[in-house]
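K.L.:
Hints in hand, dock the two standalone chains.
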Amino acid sequence: MRHVHQNRTALSIGLGAVLLSAFASTGAFANSDLRLSGFASLVGGTVVDGDGYWARLPEAAGQYESGWDFQTESRVGLQARYQAADKLALTGQVMIRGINDFEPELEWLYASYYVTPDANISVGRMRLPVYHYSDFMDVGIAYPWLRVPSDAYSLAVTNYHGVAFNYNWDWDIGTTSFKLYAGQQDTDPNDLITTIEQYKTEQLYDDSGKFRGVRGVTTTKKYEDMKGIVVDTQVDWFNLRLSFLDGKERFTFFAEGDYPSTPLFGGTWADTRFVDVSMSIDKGGLFAIAEWNEYDTIYESWFTSVAYTIGKWVPYIFYSEFEGTLRFIAPGGITAGFEDGVNGSLDDSYSTVAIGVRYNINPRTAIKAEFLDFSDDGDAAVFIDEDRDGDTDAQAFAVSLDIAF
Amino acid sequence: MKTILFILLSVVAFSAFSKNVVIMNASNSNAISEADIKKIFLGKKGAFDDGSKVLPVTYTEGDAIRAAFNDGMLGKSETKYVAYWSKMLFTGAGVPPQEVASQDEMLDVISKNPSTIGIIEESKVNDSVKVVASF
Chain S
33 MRHVHQNRTA
43 LSIGLGAVLL
53 SAFASTGAFA
63 NSDLRLSGFA
73 SLVGGTVVDG
83 DGYWARLPEA
93 AGQYESGWDF
103 QTESRVGLQA
113 RYQAADKLAL
123 TGQVMIRGIN
133 DFEPELEWLY
143 ASYYVTPDAN
153 ISVGRMRLPV
163 YHYSDFMDVG
173 IAYPWLRVPS
183 DAYSLAVTNY
193 HGVAFNYNWD
203 WDIGTTSFKL
213 YAGQQDTDPN
223 DLITTIEQYK
233 TEQLYDDSGK
243 FRGVRGVTTT
253 KKYEDMKGIV
263 VDTQVDWFNL
273 RLSFLDGKER
283 FTFFAEGDYP
293 STPLFGGTWA
303 DTRFVDVSMS
313 IDKGGLFAIA
323 EWNEYDTIYE
333 SWFTSVAYTI
343 GKWVPYIFYS
353 EFEGTLRFIA
363 PGGITAGFED
373 GVNGSLDDSY
383 STVAIGVRYN
393 INPRTAIKAE
403 FLDFSDDGDA
413 AVFIDEDRDG
423 DTDAQAFAVS
433 LDIAF
Chain G
18 MKTILFILLS
28 VVAFSAFSKN
38 VVIMNASNSN
48 AISEADIKKI
58 FLGKKGAFDD
68 GSKVLPVTYT
78 EGDAIRAAFN
88 DGMLGKSETK
98 YVAYWSKMLF
108 TGAGVPPQEV
118 ASQDEMLDVI
128 SKNPSTIGII
138 EESKVNDSVK
148 VVASF
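First to last, the sequence lines map onto chains S and G. Per the numbering used here, residue 33 is the first one in the first sequence, and the count goes up by one each step. Per the numbering used here, residue 18 is the first one in the second sequence, and the count goes up by one each step.
Only chain G is shown next, with the shape it has when bound in the complex (with noise of 0.2 Å):
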């Protein structure tokens, strides 16, 4: 019973002191800013500011690094969330991120394509990619 209330509060602890980063390809060299990544992530803006097209890329539904993403840079609910992308993608506005499933996958996707931004625990971030903000 101890060991799982040690447990328990170690992950408690873990994930209330883990930090969340917003990440980029390490040779992507656009400057963005928070403003820019929520129009990302909304479907609102769809290229860098050199032009280059922007693939943002999250997590499937019930990841808690996408429902705190959602939540504190979007301002979103998961419900609102899906609400919304409803409307883009039934009027044809847009097409919601890339879900991935893991962060190991998200990293192997940010790493190999300049045009991708995500989202990952800053603990995981190496030099493949480079973080453009924290949340």
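Isolated chain S, as found in the complex (with noise of 0.2 Å):
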């Protein structure tokens, strides 16, 4: 495995490095042929009250303990499009992640066939476009928010392998892009699901009862017969985003010193069902949206925000919210024990209320603030949990520069 890992970090980092020097020796964006773009942010954040705050972004990034920290979030994205035929393009971007210690990694690599100018068959490693935000998720210039409200945006498999049919169909007042896909992701280790697992079960503490780290449990997830369909339409102001993903999955647990041989529990093929909706409306300053979304026998989760453009200041609202279906811990946290898994009061379930502003410098360059209400409703602990009664409440600010070149 290690040996693997190795081979396609050399391979991100070359990449990166003929993308680097594609753009010191050009010195300009774009040839007819050769499209290179990108895209950074420098995310900063602190903890205004309680133990931590902990986004739950992919990669298990965005934990802010104490003091500042400027690296868990931030990001640096590299895009090459290459042209190689008239209807041939491929497309690859390379992220260089402070969660990964800056270490580049190749996020996507695809091939686009263009049947017509209005569709396309692409093939290779690509975005799993569950959400409204997948897609961008990373690139910070394109929306209001410091990050995408993340409550609402808790799948563990972010790229997958496969192939995508993507369909432009212009209907007199609208237009309507259709996107089916089908592929299969292999995540070993689950950094998002593991870091949620040693919240929620494995937290230790010292003699005095400090917190002093999680247990070092693993999990991993196989993602197979993924089949997706997604459906957005945009008239004028007005956009409708249907998403649906159908497939199987086999979760797996490690106890700590036991990855990758003996696995504790889990091994098993589940069905995957994910169905995501989404409105918004921009229309002359006003920007509003409503995401909901649900994940077959896991969690249902929601957000809406309203984001109001006066000048360059943008200011903005939102509300998130995340309600798992387990119900095995007790009220009180672990340290109270296990209850009816039918019918006791859920483990996960928490919600966000936050307010921040974007300032928009030029068209290319951002800078925003929030703050944020993290509410902790669940019997299970969300990040981490000094007093031990599963009740993780935060309030957390933060602040970014987010750039596109």
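Relax, there's no trap hidden among the hints.
The list that follows gives simulated cross-link-like pairs (lysine to aspartate or glutamate, DMTMM-like), each with its CA atoms no further than 20 Å apart:
1. K280(S) / E326(S)
2. K70(G) / D204(S)
3. K344(S) / E78(G)
Examples of chain S residues toward chain G, derived with CB under 7 Å:
4. P149
5. D167
6. F168
7. V171
8. I173
9. A174
10. D202
11. T207
12. R396
13. A436
No lab work stands behind these hints, which were simulated from the structure alone. Where is the CB? At the ideal position from N, CA and C, for every residue including glycine.
P.N.:
Here it is in structure tokens:
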């Protein structure tokens, strides 16, 4: 495994170097065949109140314990699109993330064949397009918030290997884009679920009762036979997006020291069914959105937000909510033991209210600031739980600098 | 001082009264509506009615005609335009319109390539292109 990982890293670094040197040598963003572009977000956050705040982002990014952290969510993305032939294009994206110690990793690499100017088939490694913001949640300049409201973006798989068919249908007053996709992905280990499990049941305390870390459990999840559809309709200032994913998944849990040889539990295949609906309006200075999703038998989550542009300022507010279906942990947290898994109270139930503002320095550069209030109403801890009662309420503040180039 | 004021006034007067238009190659016989133009420049429509590929052309950031077009026809400020195309580009949903630096270059590109559609001041229009909308 390690060997494979090293090769992948080497490939990514190589690609990153090629992209960077291409930037340096051409000094331009595009010639007729090759288009290079990129984006960056420098994000810093701190906890205002509570034991810590975790935005529960993919790869377990977005953890804030104490003081200011400028690494966990910061990122740079470099994208190259090469028009190899009249109807054939190759797209590659390298992400350099703080959560991965700024080591370049290959995020996407896919080839697109254009059957017509409005229909193409793409093959390779791509973003799993389940959410409204899936494809560009790393691109801070493209949305008003400091980060996409993360309570409603909890799926533990972000990319997949497979095929997608895209078709733009122009119907008089509006357009509808259809995406049909199929593929698979092996998340081994799955950093997001592993970290969720660690804070839920594996927190460690020293003799004086102070939090000292988490047990090194590991989880993996394999997704196969994924088949999905996205129907995205735009009529002037109104957008409606419907997304459905069907497939199967295999979750495996390993106790500390047992990964990857001896699983503690899991290992059986289950159905994956995920549905997401979003509706948004973008009219004059007003932007409003509501997005809801359901991960069958696992959770339901949603968020809504309003942002208003006044000159260079874009103040915003959002509310987001997550409700898991599990009911094992007793009220009072893991130290209180377990309860009836059918009639007990919810393990994972939390919500966030946030206010923030984006200031556009120029069209390609923005700074943002956000204050959020996270309420944990479930029995399980979401993040660091000093008093071991399963209640991990927090208030956090973050700032960012977002750039597109 | 008076001269400067006069020049400034004439510039203001000129830009206030100059009309901008959307142009295509003179040989392109496809019908096109304002809604089509909007979709084409936002990457939602990739072909003319006859099925041939359409290539939108605009100016580099900061250009006044581009700003007037984005604001008037597309309903997007420069900031929203950049955010929109960042989204489209990084989702692989499309690439932004090709950019040229001057009206002469625009005229040159449109007059040579029947697939293109562009924007220009009405006073610059010649026989090699045809006007399909104004803004």
